[in-house]
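For the protein sequence lines, the chains are A and B, in the order given. Residue numbering for the first sequence follows the working numbering, beginning at 294 and increasing consecutively. Residue numbering for the second sequence follows the working numbering, beginning at 816 and increasing consecutively.
Distance condition first, Cα-Cα at most 20 Å in a straight line; then the derived DMTMM-like pairs of lysine to aspartate or glutamate:
id, chain 1, residue 1, chain 2, residue 2
1, A, K422, B, D916
2, A, K422, B, E920
3, A, K334, A, D480
4, A, K372, B, E965
5, B, K1052, A, E495
6, B, K1052, A, E503
7, A, K309, A, D549
8, B, K969, A, E368
9, B, K1052, A, E506
10, B, K894, B, D924
11, A, K489, B, D1055
12, B, K1052, A, D492
13, B, K894, A, D445
14, B, K962, A, E370
15, B, K1052, A, D480
16, B, K969, A, E370
17, B, K1052, A, D504
18, B, K962, A, D484
19, A, K418, A, D453
20, B, K1052, A, D505
21, A, K578, B, D1013
22, B, K1052, B, E1039
23, A, K418, B, E920
24, A, K418, B, D916
Since the hints were made in silico from the structure, they are not lab data.
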Amino acid sequence: MKLSLGPILYYWTKQKTLEFYEQAADSDVDIIYLGETVCSKRRELSAQDWIDLAKSLSQSGKQVVLSTLTLLAAESELKVLRKLCNNGDIMVEANDMAGVQLMSEQGVPFVSGPAINVYNARALKVMKKQGVCRWVMPVELGRDTLQDLLSDAKDMGVLDGLETEVYAYGRLPLAYSARCFTARYYDLPKDNCQLKCIDHPEGLSVHSQEDDELFSLNGIQTMSGRTYNLEGELSTMQGMSVDIARISPELGITFDKVDQFRKALAGSAQTIALAEAECNGYWFKVPGMDQVISAE
Amino acid sequence: MELVCPAGSLSALKVAVDSGADAVYIGFKDDTNARHFAGLNFADKKAQNGLDYARQKGVKVFVAINTYSQAAGWSRWQKAVDTAQDLGVSALICADMAVLDYASERYPDLPLHLSVQGSATNYETLKFYKNNFGIRRAVLPRVLSLKQVEAVAKYSPVELEVFAFGSLCIMAEGRCYLSSYLTDESPNTCGACSPAKDVRWEQTDAGLEARLNNVLIDRFEEGENAGYPTLCKGRFKTGDRTFHAIEEPTSLNTVELIPELHAAGIKAVKIEGRQRSPAYVENVVRTWRRAIDHYKMNPDNFKVKKQWKDDLAKVSEGNQTTLGAYTRAWQ
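Construct all of the structure, not just a fragment, from the sequences and the given hints.
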């Protein structure tokens, strides 16, 4: 099974971002996704910067994929999307049907990202017809659904030449809104948000009035408060012919996680226990925030 | 502009039809629709009765089959499409590519609308659904500003329907898993958000507490209006603040935008609320019928009447309404 690095979901400074990808180039991942998937106002790196960075990263021997915006409403956002889809070289991850439409028009193979609602094999078949060569399971789905889906897809002959990727580590992208919640916290209108999310490279924590960590606000995106961690499920995934496990960048700890996942895959990990602030509920079809201790 | 109205029961359907709906939308009694609540929706016979009633009065019936099927349940989604076809409904409202694919292949003459759960926020996405499934209409999510709605409408290859009134989903519909993160059900998988089975109310010394799967969503002091604990409308702690960090209880009301929506070429306006009572349906549908008719009679001189606002405020969450994402200031 391969390991991938998902796109950075937070707004990091240009310097932090470039340093991150220098490390990524030397790390033990097979695939690197990069690009702005959350908010078009985040321009520390322009679309051209992302394309250039992607091209230079592909020299490292890793497969590089440009991830596209998830919620596209403005014409200017479609323009950036077209630029990324027409880059002519680097593979694209579509996170909205607009990206799917543009890539299928081009007839170039592409990745269907976690924000594309593929909940069953028939939907996957439709996506494959558009040119999808890899799909990332929506994060609210888990093991049993995936098992059924892959089994149906196999019967339908959809799996040939199609890779399956599972979001396996990081805070979960749970929702997208018209409203910017970070700006709301600062009592700023979205049109004058002052790009406050750059001050929150791990998101802005939302707790219940009883101090349960519920969510993390990341601009227009709402993320899980707890960090999703399927490290203990990697061997199950291997048995299910999942091709790729995705690690979503988290400040400071990403590459340690890459090493840990690599060890777990090699079977040389010590017992894998989740930290208190981690969850894996979705994989076991219980509330996503729950932590289930695997029977294995 | 067509007035599309919710009907969670046969009595709500009749009231909607009698109050001036041009179309009503219903769901079947299972998880194939996004208002899968106990005591709501239509079994086959009720659906037939509803359809007969609406048809006699020249009102269309749409059926929402707008959740996402998972492998084990596919036969229910398939059956829902077959049943709707057999009933002879005016259109299906769907989101799942599998359901759209099946319906368009099996019943090419059955009109398909892309549900709001399909998350179409731009015209490239609409092209995708038109090219692949021949959809005739799409319902836009409540995340677009008026300007953005106008821009989508300008290049849209299909008719557009927008939300006019009702509970305000603050997240892009079809792209929100907050509910399945705290409970085990979400709109996409089960047709439920913040499901009632997980709600607990408890009077404590600190106030009336509303919990969802044990998570404290809000705590109300005496005299405060205690609304249903929809998880995005709770009061939470962020930094040094305790407030409605995501959204406060409020309803969308766009009655004042009727001229703009009409000018943008919007084909239909939708009233939210299949889970609401016939009394709500009657009030909202009647008021909107008056407003649209008033506009049609004198399009250049449209003014929102105070009476409409008052009537609609009565049935709004927290007794307040907003223009929501249609205005940039709210965003």
